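Keeping their order, the protein sequence lines are chains A and B.
If you read the first sequence in my numbering, its first letter stands for residue 1, the second for the next number, and so on.
If you read the second sequence in my numbering, its first letter stands for residue 1001, the second for the next number, and so on.
Derived by calculation from the structure, the hints in this document are not laboratory data.
Everything numeric in this text was worked out from a predicted model, so none of it was measured.
By construction, the Cβ of each residue, glycine as well, lies at the ideal position given by its N, Cα and C atoms.
Treat each hint with caution, since some may be false.
Cβ pair distances, simulated, as ranges [said to hold, decoys possible]:
id	chain 1	residue 1	chain 2	residue 2	range
1	B	E1053	A	F66	34 to 44 Å
2	A	D82	B	I1050	17 to 27 Å
3	A	K33	B	E1053	33 to 43 Å
4	B	D1030	A	Q8	21 to 31 Å
5	B	E1097	A	S18	28 to 38 Å
6	B	D1030	A	E35	23 to 33 Å
7	B	C1084	A	E35	41 to 51 Å
8	A	K33	B	N1091	48 to 58 Å
20 Å max Cα-Cα, derived PhoX-like pairs, lysine-lysine [unchecked claim]:
id	chain 1	residue 1	chain 2	residue 2
9	B	K1105	B	K1083
10	A	K100	B	K1059
11	B	K1111	A	K105
12	B	K1111	B	K1059
13	A	K83	B	K1005
14	A	K125	B	K1125
15	A	K96	B	K1111
16	B	K1111	A	K111
17	B	K1111	B	K1096
18	A	K111	B	K1125
19	B	K1083	B	K1058
20	A	K59	B	K1125
21	A	K123	B	K1125
22	A	K83	A	K123
23	B	K1083	A	K111
24	A	K125	B	K1111
25	B	K1083	B	K1111
26	A	K105	B	K1059
27	B	K1125	A	K105
28	B	K1033	A	K123
29	B	K1058	A	K83
30	B	K1059	A	K83
31	A	K123	B	K1111
32	A	K104	B	K1005
33	B	K1005	A	K125
34	B	K1105	A	K125
35	B	K1105	A	K104
Here is how the chains run, residue by residue.
There are 2 protein chains.
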Amino acid sequence: MKIRKSRQRERILELLRSTEIHPTAIWLYDRLKDEFFNCSLGTVYRNLNILLEQGLIKKIAFGSTFDRFEANITDHYHFICDKCNSIIDLNIPIDKELNKIITKKTNYNIKRHRVEFFGLCEKCKD
Amino acid sequence: MKIRKSRQRERILELLRSTEIHPTAIWLYDRLKDEFFNCSLGTVYRNLNILLEQGLIKKIAFGSTFDRFEANITDHYHFICDKCNSIIDLNIPIDKELNKIITKKTNYNIKRHRVEFFGLCEKCKD
DNA sequence: GTTCATGCAAATCGTTTGCACAATG
DNA sequence: CATTGTGCAAACGATTTGCATGAAC
């Protein structure tokens, strides 16, 4: 199955690349409507899945609640505000040795890890 | 609102304490039915939420579309198998200094962090 | 006896999917 | 023109909720 160009998908990628807020599907949908006023949420989800398969974006999954997406595909950690739930990319190097260290300690063959830090963000801390 | 004793809730907690598989709500429901043959999924969810509020259990919300639960409320890291999705408690000390270190580096007031390691478990690695 | 918990079913939320039509190459 | 993408609505899976009845205290 060949992937064709689509103005909607291009715009979704642009939107994701233009923001740091790690949007939800509906957020993208709301923005997309400004330009494609009849577009549907289904289109957003379909294109998000295509972009994921293409490795152009990443999904941040939180169990049964909603997913969030980001175009920053470099490996990085997140800070998540306990109050407003904003997600912020952390500009700290990921610990490449950790997988090896824990592999040795546990005997599981660890390929990658994910870290989230929690607390109150700048806006919520007062 | 006062919380009363309930045999169903007691059993759910027992079930969670007796297993290491980090069950889903339906898994608990299936077990609960053996004893309370008319019980409902709603009851399971309601009681899980009460137990969560009481701090007697924890919810594992990431990685998939549904939540999983555990009665091990001590702070610990998880290993998650990429193939069979089993979740295994890691018996390694959590890094208590990390919150402070990252607080200094980022200037966010970090209260806690969570780490998940991914790879293939014993059964799936071959 | 008052109030909380349950069972049941309907409702909700995020996401996926089937189908007829529109856009791409 | 052959095929993929879209809009729409219906379907889906996990979880929540409203309501009448049952259990706890």
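Tested hints:
1. E1053/B with F66/A: 34 to 44 Å: 22 Å, violated
2. D82/A with I1050/B: 17 to 27 Å: 21 Å, holds
3. K33/A with E1053/B: 33 to 43 Å: Distance hint for K33/A, E1053/B holds at roughly 38 Å.
4. D1030/B with Q8/A: 21 to 31 Å: At 42 Å between Cβs, range violated.
5. E1097/B with S18/A: 28 to 38 Å: Given range 28 to 38 Å: holds, Cβ gap about 36 Å.
6. D1030/B with E35/A: 23 to 33 Å: Distance hint for D1030/B, E35/A is violated at roughly 47 Å.
7. C1084/B with E35/A: 41 to 51 Å: Check passed, 43 Å falls within 41 to 51 Å.
8. K33/A with N1091/B: 48 to 58 Å: 50 Å, holds
9. K1105/B with K1083/B: Judged against 20 Å, a Cα distance of about 35 Å means the pair is violated.
10. K100/A with K1059/B: 28 Å, violated
11. K1111/B with K105/A: Given pair K1111/B, K105/A is violated - Cα atoms ~26 Å apart, limit 20 Å.
12. K1111/B with K1059/B: Answer holds: K1111/B to K1059/B is near 18 Å, not above 20 Å.
13. K83/A with K1005/B: Not satisfied, since the Cα-Cα distance of roughly 31 Å exceeds 20 Å.
14. K125/A with K1125/B: Roughly 44 Å separates the two Cα atoms, so the pair is violated.
15. K96/A with K1111/B: 23 Å, violated
16. K1111/B with K111/A: 27 Å, violated
17. K1111/B with K1096/B: At roughly 10 Å apart (the allowed maximum being 20 Å), K1096/B and K1111/B satisfy the hint.
18. K111/A with K1125/B: 12 Å, holds
19. K1083/B with K1058/B: 23 Å, violated
20. K59/A with K1125/B: Outside the cut-off at roughly 25 Å; violated.
21. K123/A with K1125/B: 45 Å, violated
22. K83/A with K123/A: 10 Å, holds
23. K1083/B with K111/A: Roughly 12 Å between the alpha carbons, so the hint for K1083/B and K111/A holds.
24. K125/A with K1111/B: 12 Å, holds
25. K1083/B with K1111/B: 32 Å, violated
26. K105/A with K1059/B: Judged against 20 Å, a Cα distance of about 26 Å means the pair is violated.
27. K1125/B with K105/A: Since the Cα atoms of K1125/B and K105/A sit roughly 17 Å apart, the hinted pair holds (cutoff 20 Å).
28. K1033/B with K123/A: 47 Å, violated
29. K1058/B with K83/A: 19 Å, holds
30. K1059/B with K83/A: This hinted pair holds, its Cα atoms lying about 18 Å apart.
31. K123/A with K1111/B: 16 Å, holds
32. K104/A with K1005/B: Distance of about 45 Å is beyond 20 Å: violated.
33. K1005/B with K125/A: Not OK: K1005/B and K125/A at ~37 Å, beyond 20 Å, violated.
34. K1105/B with K125/A: Status holds; Cα separation ~17 Å.
35. K1105/B with K104/A: 28 Å, violated
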